[in-house]
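K.L.:
Residue strings, one per chain:
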Amino acid sequence: MSKLSAISSDLVTRKMVQTFGLLKAALCTSALGVAYAQQPDTDADGESVWLNAYDQIRSEQLIDEGQRAMSEGEYGVAESIFLDAVQIAKVNFGLNAEEQRMPLELAISAQLAQGKWEQVDNHFSYFEWLNDEIYTRDFYAYLRGTEQLSSMLLKASADTSNPLAVRYLIAAKNLNWRAVSSIEATLGESHTELAPWLYNIVLTHYYQSSLIKRHGVSSTVFRNEQNEEVSGFTLNKGESLRISYRIGRELLERIASIYEGAPQLPPERNAMAQIYLADWELLFGHEDEAVTLYQNAFNELLAIGISLEQANQVFARPTVLPSRSLHNSVATMLSEQREGPVRFNAWSPNYPAAELPSERLAINTRTGADIMALLRFDLHPLLPTGMLNNERTIRLGFNLNDLEVVSTTPDNDLIRERAIYAVSLLQFRPRLENGAPVSFEDVELEYLFPPQFSGFSLTGN
Amino acid sequence: MKQIALQIVVLVTLTACAVSDSETPQVRRVPTDAEVEAYNARVAPEERIVCRREVPVGSHIPKRVCRLQAQMEDESTLQRSELRRVLQ
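Residue numbers (the working numbering), protein chains in the order written: chain B, 1 to 461; chain R, 1 to 88.
Don't read these hints as lab results, they were simulated from the structure.
Computed from a predicted model, the values in this text were never measured in an experiment.
Glycine included, each C-beta is placed from N, C-alpha and C at the ideal position.
One or more of the hints may lead you astray.
Chain R side only, calculated, beta carbon under 10 Å to chain B, not exhaustive [what the hints assert, rightly or not]:
1. 34
2. 40
3. 41
4. 51
5. 53
6. 82
7. 84
Full structure from sequences and hints, please.
P.N.:
Here it is in structure tokens:
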């Protein structure tokens with residue numbers, strides 16, 4: 001009985017807070033809003049205007065202030081401002097309102113920049129709880145929140161100072177899987193909405209395999225006797241890589257089958273799905289299967305009426321794999337290509353050979369940023385091997401040949417050496433002309449080193 | 001006589017095969033890696049399953065085996081304690 005009354009009293013309190021907040025917001029935005037004035041601010045004419053501390057406009061101002069502080073590197077100040085904005089969203093829209101998510105994401109971003117891992121972890125849990133609450137009310141808002149949280153988890157996992165990097169990568173992947181399950185339950189198992197989520201999981205497996213290549217990764221988590229979650233046994237490297245390959249392939253085949261049953265999508269959708277499947281084979285060292293799949297895709301493009309010129313264009317520009325986004329039309333894929341040297345913006349030292357997925361996932365630090373190298377090489381449709389200066393023999397990315405450094409910023413021999421090593425890990429989609437693999441001569445690539453890159457001291461040239 | 005006996009054998013064999021779909025026992029298949037991962041993402045850590053290729057005793061052909069993770073943990077704890085008991 002007492003529990004029931006506590007719950008109802010809690011509900012009444014929440015309702016009161018919500019109603020009170022809305023009432024205050026309404027009063028303040030009305031012509032007579034000054035009656036609730038508490039804090040001074042200035043309007044466009046520079047005159048003082050008195051605003052309510054919980055006015056929604058105040059929240060927007062706080063977000064602007066916080067972003068200014070972030071750009072000036074004052075992360076602690078920004079964090080506190082964003083957390084105030086979260087409180088205002090709670091008061092104005094309710095304790096489990098969607099409007100909290102934006103300031104909360106910014107607050108987490110500020111905490112990430114300061115390496116406040118415990119607070120980050122708590123806020124991730126809170127964000128997840130909030131998103132689950134939203135799921136019961138608005139499915140699409142839940143999906144948007146899942147995307148937001150997944151991006152933040154990936155960003156946290158890319159930070160080299162994060163002791164829980166692997167855990168966050170697995171958490172991001174699990175979150176995407178839960179989104180897939182919810183879409184299957186709500187929209188059906190072959191809905192096109194599934195495709196980008198499935199592709200996100202494929203990309204996460206690429207990051208995971210990139211991490212595994214560097215060091216072992218605990219692939220499972222279990223509860224110990226004290227009921228704490230701890231990392232469990234580790235699958236060996238080879239087995240982990242094989243599992244990642246199989247899952248990626250299975251998901252890409254599923255995307256192909258979803259596209260096949262979706263006549264509303266462009267007619268080239270099946271060929272596009274084959275290209276991504278071929279990319280995956282290439283990334284895992286199955287060059288022959290990859291080239292066959294690329295050729296099948298090329299032939300399919302021609303079969304559905306795409307001109308030879310346009311089909312050649314799809315494979316005309318060197319593309320670093322894996323592609324960051326999933327396209328189901330030739331036009332959107334071509335729109336991503338840019339003129340000039342190929343640019344590779346490395347994401348994090350945690351994930352070698354992985355490109356920054358989006359600006360949103362960039363690590364908030366200047367350490368190691370602005371280090372770049374311009375390289376030149378040929379791409380031949382064959383399998384070369386290469387020798388590094390430090391006598392280590394490495395296998396170059398499929399078809400990468402005659403790799404040389406044109407220039408580096410700052411000019412430094414060690415940067416040259418590291419740039420050669422980093423680029424040798426990259427894989428490129430082969431060039432096809434009239435369906436046959438051909439060479440790319442003198443490809444230029446701008447390699448931007450990742451933030452937090454500290455593989456050497458820049459002082460000793 | 002021999003021919004009749006043969007016909008009976010063939011008839012019995014074919015009748016045995018003619019079972020309606022509803023009576024066909026469901027084929028149990030080992031879940032794929034993606035299915036396992038999708039399942040594990042939804043359940044509590046102690047309910048997760050782990051699949052891996054193992055070479056059974058008396059064979060060289062690896063077989064994919066799936067187990068509850070908690071079961072694997074229990075088995076390793078038991079094996080560790082047994083080993084400790086034998087060694088002491």
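K.L.:
Compare the structure with each hint and give your call.
P.N.:
Okay, the hints, checked on the actual structure:
{"no.": "1", "hint": "34", "verdict": "holds (4 Å)"}
{"no.": "2", "hint": "40", "verdict": "holds (8 Å)"}
{"no.": "3", "hint": "41", "verdict": "holds (4 Å)"}
{"no.": "4", "hint": "51", "verdict": "holds (8 Å)"}
{"no.": "5", "hint": "53", "verdict": "holds (7 Å)"}
{"no.": "6", "hint": "82", "verdict": "violated (18 Å)"}
{"no.": "7", "hint": "84", "verdict": "violated (17 Å)"}
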